[in-house]
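Enquirer: The lines below spell out each chain.
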Amino acid sequence: MVTINGKQIPAEGKTLADYLAEAGYDLKRIAVELNGDIVPKATFAEVILKEGDVLEIVSFVGGG
Amino acid sequence: MAVIPSKQELDDALIARHGAELHARLSQATVAICGLGGLGSNIAIALARAGVGHLHLIDFDRVDISNLNRQQYFVRQLGLFKTEALRDNLKEIAPYLQVTTSTVRVTEENIPTLLAEPDIICEAFDKAEAKAMLVNAVLKHFPDKWLVSGNGMAGKGSANLIRTRRLGRHFIICGDGVSDVEASGTLFSARVMACAAHEALAVIQIIAGDFENVNIKE
Chain A
1 MVTINGKQIP AEGKTLADYL AEAGYDLKRI AVELNGDIVP KATFAEVILK
51 EGDVLEIVSF VGGG
Chain B
65 MAVIPSKQEL DDALIARHGA ELHARLSQAT VAICGLGGLG SNIAIALARA
115 GVGHLHLIDF DRVDISNLNR QQYFVRQLGL FKTEALRDNL KEIAPYLQVT
165 TSTVRVTEEN IPTLLAEPDI ICEAFDKAEA KAMLVNAVLK HFPDKWLVSG
215 NGMAGKGSAN LIRTRRLGRH FIICGDGVSD VEASGTLFSA RVMACAAHEA
265 LAVIQIIAGD FENVNIKE
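Which chain is which? The protein sequence lines are A and B, in order.
Numbering of the first sequence is given in this note's numbering, commencing with residue 1 and proceeding in unit increments.
Numbering of the second sequence is given in this note's numbering, commencing with residue 65 and proceeding in unit increments.
Hints were generated in silico from the structure; no laboratory data involved.
Don't be surprised by glycine CBs; every beta carbon is placed ideally from N, CA and C.
Please note that the accuracy of each hint is not assured.
To be verified - SDA-like cross-link-like pairs, simulated, lysine to any residue; straight-line CA separation at most 20 angstroms:
| no. | chain 1 | residue 1 | chain 2 | residue 2 |
| --- | --- | --- | --- | --- |
| 1 | A | LYS28 | B | LYS71 |
| 2 | B | LYS71 | B | ARG81 |
| 3 | B | LYS71 | B | GLU85 |
| 4 | A | LYS28 | B | GLU172 |
| 5 | B | LYS204 | B | GLU193 |
| 6 | A | LYS41 | B | GLU173 |
| 7 | B | LYS204 | A | ILE30 |
| 8 | A | LYS28 | A | ILE4 |
| 9 | B | LYS204 | A | LYS7 |
| 10 | A | LYS28 | B | LYS191 |
| 11 | B | LYS204 | A | GLY36 |
| 12 | B | LYS191 | A | ASP26 |
| 13 | A | LYS28 | B | ILE175 |
| 14 | A | LYS41 | B | HIS205 |
| 15 | A | LYS41 | B | ASP208 |
| 16 | B | LYS191 | A | SER59 |
| 17 | B | LYS204 | A | ASP37 |
| 18 | B | LYS191 | B | GLU246 |
| 19 | A | LYS41 | B | ARG233 |
| 20 | A | LYS41 | A | ASP53 |
| 21 | B | LYS209 | A | ASP37 |
| 22 | A | LYS28 | B | ALA247 |
| 23 | B | LYS204 | A | ALA17 |
| 24 | A | LYS7 | A | ASP53 |
| 25 | B | LYS220 | A | GLU46 |
| 26 | A | LYS41 | B | ASN200 |
| 27 | B | LYS155 | A | ASP53 |
| 28 | B | LYS209 | A | LEU34 |
| 29 | B | LYS209 | A | GLY36 |
| 30 | A | LYS28 | B | ASN200 |
| 31 | A | LYS41 | B | LYS191 |
| 32 | B | LYS191 | A | ARG29 |
| 33 | A | LYS7 | B | GLU172 |
| 34 | A | LYS41 | B | GLU172 |
| 35 | A | LYS7 | B | ARG230 |
| 36 | A | LYS41 | B | GLY232 |
| 37 | B | LYS155 | B | LEU231 |
Unchecked claim - On the chain B side, residues computed to face chain A include the following (Cβ under 10 angstroms):
| no. | residue |
| --- | --- |
| 38 | ARG233 |
| 39 | GLY239 |
| 40 | GLU246 |
Working from the sequences, and respecting the hints, build out all of it.
Expert: Below, the structure is given as structure tokens:
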């Protein structure tokens, strides 16, 4: 299980790019932290989610 | 017209309120504010009032009639660059505040030089894509700087939903996380100011050192 925005999700083994695509995220509007560190967008396809990872996906919305 | 107080008189008034040690920390801090709209103009005023010593104001845009509903400008400033209009307004609150202005659009390319100086960076844009671009670029180029971002303050839902969360080591995000201006269509000063106040207070806490011994995420 991977903890994604506080929820337990069976995403281990997937690449970050695949998970984000499946979950429907707009890559232009997000920032992703894995175990406390920001993940550069250029590496999304290389990062493989592991059991116990903690992922925070921030989806930005408009207004300011 | 009142006589402008001396720097010493203004410092003394802040020291009486905050104590010498906290005032010294605040007066030595440099904070960059990226975007001078509803978030940024209100953050700047809160930090100037708190006695933050140096603000770097960044925005490419001019004051527009559509800004008056929530941004800290006056009718007589319509058409002026926001950087210059806000600097003038801040000087009426804190005449000895050091202000640097950059009337440019923030891009992935100019972030490494534009934001090299400040210790703390406030993301205060209005477009979701611009927010994400800045946050990703700052966390990539400057992982040791503090970054405070505002996300989700449109509409007229309860201000109690707006909160401050620490995400990364040096990354703090304020807002309700979901209220999109594209969906709600409205932006009220009262709610945008609430989010700006969260951002400004997070900056004050960072400067005060309140986060230094906190390792757990909140």
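Enquirer: Next step is simple, just say for each hint if it's right about the structure.
Expert: Taking the hints in turn, this is what the structure says about them:
1. A:LYS28 <-> B:LYS71: violated (45 angstroms)
2. B:LYS71 <-> B:ARG81: holds (16 angstroms)
3. B:LYS71 <-> B:GLU85: holds (17 angstroms)
4. A:LYS28 <-> B:GLU172: holds (13 angstroms)
5. B:LYS204 <-> B:GLU193: Holds: LYS204 of chain B and GLU193 of chain B sit about 16 angstroms apart, inside 20 angstroms.
6. A:LYS41 <-> B:GLU173: holds (16 angstroms)
7. B:LYS204 <-> A:ILE30: Distance ~14 angstroms between LYS204 of chain B and ILE30 of chain A Cα, so the pair holds.
8. A:LYS28 <-> A:ILE4: With Cα atoms ~19 angstroms apart, LYS28 of chain A and ILE4 of chain A stay inside 20 angstroms; holds.
9. B:LYS204 <-> A:LYS7: violated (26 angstroms)
10. A:LYS28 <-> B:LYS191: holds (11 angstroms)
11. B:LYS204 <-> A:GLY36: The given pair, whose Cα atoms are some 13 angstroms apart, holds under the 20 angstroms limit.
12. B:LYS191 <-> A:ASP26: The given pair, whose Cα atoms are some 14 angstroms apart, holds under the 20 angstroms limit.
13. A:LYS28 <-> B:ILE175: The hint holds at about 17 angstroms.
14. A:LYS41 <-> B:HIS205: holds (13 angstroms)
15. A:LYS41 <-> B:ASP208: Roughly 19 angstroms separates the two Cα atoms, so the pair holds.
16. B:LYS191 <-> A:SER59: It holds: about 12 angstroms lies between the C-alpha atoms, which stays within 20 angstroms.
17. B:LYS204 <-> A:ASP37: holds (10 angstroms)
18. B:LYS191 <-> B:GLU246: Given pair LYS191 of chain B, GLU246 of chain B holds - Cα atoms ~10 angstroms apart, limit 20 angstroms.
19. A:LYS41 <-> B:ARG233: holds (19 angstroms)
20. A:LYS41 <-> A:ASP53: Holds. LYS41 of chain A to ASP53 of chain A sits at ~18 angstroms (cutoff 20 angstroms).
21. B:LYS209 <-> A:ASP37: holds (13 angstroms)
22. A:LYS28 <-> B:ALA247: With Cα atoms ~18 angstroms apart, LYS28 of chain A and ALA247 of chain B stay inside 20 angstroms; holds.
23. B:LYS204 <-> A:ALA17: holds (18 angstroms)
24. A:LYS7 <-> A:ASP53: Given pair LYS7 of chain A, ASP53 of chain A holds - Cα atoms ~11 angstroms apart, limit 20 angstroms.
25. B:LYS220 <-> A:GLU46: violated (41 angstroms)
26. A:LYS41 <-> B:ASN200: Status holds; Cα separation ~8 angstroms.
27. B:LYS155 <-> A:ASP53: This hinted pair is violated, its Cα atoms lying about 48 angstroms apart.
28. B:LYS209 <-> A:LEU34: holds (18 angstroms)
29. B:LYS209 <-> A:GLY36: holds (15 angstroms)
30. A:LYS28 <-> B:ASN200: Satisfied, since the Cα-Cα distance of roughly 10 angstroms is no more than 20 angstroms.
31. A:LYS41 <-> B:LYS191: holds (19 angstroms)
32. B:LYS191 <-> A:ARG29: holds (9 angstroms)
33. A:LYS7 <-> B:GLU172: Given pair LYS7 of chain A, GLU172 of chain B is violated - Cα atoms ~32 angstroms apart, limit 20 angstroms.
34. A:LYS41 <-> B:GLU172: Holds, at about 13 angstroms.
35. A:LYS7 <-> B:ARG230: holds (18 angstroms)
36. A:LYS41 <-> B:GLY232: OK: LYS41 of chain A and GLY232 of chain B at ~16 angstroms, within 20 angstroms.
37. B:LYS155 <-> B:LEU231: violated (34 angstroms)
38. ARG233: holds (6 angstroms)
39. GLY239: Check passed: Cβ of GLY239 of chain B comes within 8 angstroms of chain A, closer than 10 angstroms.
40. GLU246: holds (5 angstroms)
The structure shown violates the earlier hints numbered 1, 9, 25, 27, 33 and 37.
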